[in-house]
Structures are given as C-alpha cells and as structure tokens.
Amino acid sequence: MIAADKEIKAGNIVNLSGELITLRDQSAKMLANMLENGENTGLDLENSAVFFAAPTPGFKEGRMSIGPTTSARMAAFIPTLIKHGVRFFIGKGALPKDTVDAVIAGKAAYFQAFGGTGANYGSRVKSMELLLFPELGPEAVYKIETSDFPVVISVEIQTVAYFFNL
Amino acid sequence: MRIIEGLRIKDAVKELFIKLNYSPDSLENVVFADPAMDPFERKLAEIIDENRKKARTEMRPLCQDCGLAQVFVKIGKNVTFSDAPSLDILINKGVEEAYVEGLLRKSTVCDPFERKNEGKNLPAFIHYELCDGDTFEISAIAKGGGSENVSTQKMLVPAEGREGVADFVFETLKNAGGKGCPPYFVGVGIGGTFDSVAALAKKALLEQVCEDEKLLDIINEKIKELDFGVLGFPGRCPVKAVFVKKAPTHIAMMPAAVVLNCHSFRTGRIEL
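Going down the list, the sequences are from chains A and B.
In terms of numbering that gives the first Met the number 0, the first sequence opens at residue 0 and continues consecutively.
In terms of numbering that gives the first Met the number 0, the second sequence opens at residue 0 and continues consecutively.
No lab work stands behind these hints: they were computed from the structure.
Just so you know, even glycine gets a beta-carbon here, dropped at the ideal spot from N, CA and C.
It is possible that part of the hints are untrue.
To be verified - Each computed DSS-like pair below joins lysine-lysine, with the alpha-carbon atoms no more than 25 Å apart:
{"hint": "1", "chain 1": "B", "residue 1": "Lys52", "chain 2": "A", "residue 2": "Lys125"}
{"hint": "2", "chain 1": "B", "residue 1": "Lys153", "chain 2": "A", "residue 2": "Lys59"}
{"hint": "3", "chain 1": "B", "residue 1": "Lys153", "chain 2": "B", "residue 2": "Lys213"}
{"hint": "4", "chain 1": "B", "residue 1": "Lys221", "chain 2": "B", "residue 2": "Lys173"}
Said to hold, decoys possible - Beyond 12 Å from chain A on every Cβ pair, some chain B residues (computed):
{"hint": "5", "residue": "Asp48"}
{"hint": "6", "residue": "Leu61"}
{"hint": "7", "residue": "Thr79"}
{"hint": "8", "residue": "Val208"}
{"hint": "9", "residue": "Leu230"}
Whenever a hint applies, use it, and build me the whole structure from the sequences.
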C-alpha cells in the first residue's frame, strides 16, 4: 500500500510513500495479456500502485534516476489492471476521458508525477527489486520502495479522492 | 593535412554524452522558477530546478530517459583520421561507452515492430556536413522520446508566410500540452526539403540562434494564448525559448518543422 502525507485534493501536491510497481509500453502490454489469459504472474496486485516509468541503471551505486512516462500510451491496459487489483496509477500527463471513467468506476486513483525530474525521484527510492520480464531491460517490471514521492492528484478525477482514506 | 587521432574522437563523444545527461552546458545558466509565476506553477518550476541540482551533486541522470544519441558532425576538407576504423564506428563506440559506463538508460530498440532492446543505445543518429579548412566539430543532443513524439513537420504553402508558420508552431505546442515536459525549448526550421527541414529545426536547438526576428515576434505573441504552463499544468510559462533557422527552398514550397525539447535541454558542442 501507499500513503500520502496530506489530504488528497485536486491540485494539491502530496508526497507518496510505499511500494510501487513499474510498468510501461511493452511490460504493460505483456502483463495485461497474461492477466487476461488467466496466467499466473507471480505478482501481488491487490491494492497495489503502478508507476508508469522505467529506471536508469545505477541503483546500487546510488545514482539511479526514475521519472514518469506518458500514461496515455498505457491507457488501454488500465481497466484490466484495475480488474486485477491495482488501485493507484502514477504517471505523466492526463488520461483519456474513457480511461478516467474506468478509473472512477473502478474506485482507483490517478496521480500525475512530474516529468523529467528523474534525479529527484531516484533519490527517493529506498529499495528496488526486479520482478518480471528481465529481457525488456529498462522496461522490465520492478518493485520499488519510495519515500516522499511528490505527485499531484489529477484535476479531472478529483472525485476519486472521496473513495480513499489515505 | 590535419590528422586527428581516432581514439580522441571516441573519447570526446563519450565524455560529451555523459556531460549532457548530468550537467549540460545548455542548462548552465537556466532557471525555471520565476517570482512572476503563481505559487503552484512556481513550486513545479522549483522542483525542476532542484532536480538539476540533484543530478549534478548526486551524479544521477537529469532524466531517466537519457535519449537517443543524435550527433551533428562538421568536417573540414583538410582533416583526416589516424588509426581509425571509420568515423561512424568511432562515434558509435563513444556513445555506447557513455551509455554503458555512464550508467545511462539505453532506450533504443533495434526494430520498430520487434522492439528488442540490445542495451547499447545504438546506433547514434549522425548527420555529416563537409566544409573548408581544418575544422572538426561535434554537436550533440540527448533527446528523450516524450518531446520527440510531439514534434511536427508540415509542407506549408508559400503564401501562408510567417503568420502560417507561427500558427503551425502554436498548434504544435497546443497539441503537445504537457506530454513533452514543458517549459519547452522550441526549434523551428523553415525551408529546404521535406527531409532536411527537420534536421534544420534540430540545428536551431543546437545553435540556439534566431535567423528571423519578425517570425520570432509573431510566435512570441501567439504563444501567450497557450492555456498551460510548467509541466502542462495550469500556468503561464509553457515555453522557455524559441530558436529559428531558415534555408533556401523551392518556388512552390515552404516546409516547416517544429522540434520541441523538454525542460531537460541537453545539447553540447566540442571542437577537436
């Protein structure tokens, strides 16, 4: 689970802490396919948070950067991920209208992170573990433990704030 | 004849791409936070400024998208290379070493459909230009996918003139919104041919020049109407700088290209 340091309200910048699962173009597509086919992914997605991102190398050296990529490219996979337990999505930019509807209907939430500030986010990652698809390189699925990740709740889906008790 | 040692070229390219991703000259004197911004936009701009400091002091890449390596080489006719396989190989080797040893993310996939990542960030995308004399110059840009994806190109009608080009620049920015990580550095190319105009727009970014003040004035006036600011959120500062380059073209043509670069503006130049 993730936690925020202040009230989730449209336009507020909040700091999120907790576990995030990284996904992006290829890995999101592959994971959604596995979920739809009923395959065992080995991931615990219940109440999980997905971060649309792919890191640089250098975590061990204390030099890793990671920041959000455009969420709209992965919008098609969001309903499937919600169906399988994902409750939070963090990425760059707004989501298409029909995806916003799916997020609200699924009682999920979407946060916008700040594009191009990977050094800042990287310095707030406390641990990192490779979970799936190592062959994808940076696009592989990682679990990262974050501390005080600054994000803003997307204006378009401010109503979801009421569904949460963070 | 001037002889340049091949190894020097490889090492210079390697150093350049590492520098671009941690503390590029192009961002040396840039500050995004502005007292004129409202508090929310200023907070976002401060996060960007803070990110730049972290990148330099903690040696973390400015952005996790360390870009495709794009290289513009200018070679004087009196220059040749010693113990060198070929310039292509030297530049590519320099890029590979920068991305592997510099702990940069490798974002290149070798086929647009198969999308396999071979972990070298190769090939470098190289433009060669021949000139007189002893010159050997390498300009480079490390440019991420987000802002490249919202760059555009269009064949305008000559009668559309500067107004038409400025409208096209405005439309490009409007459609881009926050997708390419504004405040944007905008490179505009006008003239040439379908293929050359995009490179011209990129050269505008690399050289940070404006070859048409009248066009710049019209663009600066129009972009005041954009309805987003820093990082695409409501605000007043979607654009940091606009650069313009022109080239001769056909009587029937007016090609235009608009290359948007994110706030992580990573360009540099070396002379050997």
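Checking against the hints above, which ones are violated? Of the numbered hints given earlier, those the structure breaks are 2, 5, 6 and 9, listed in rising order.
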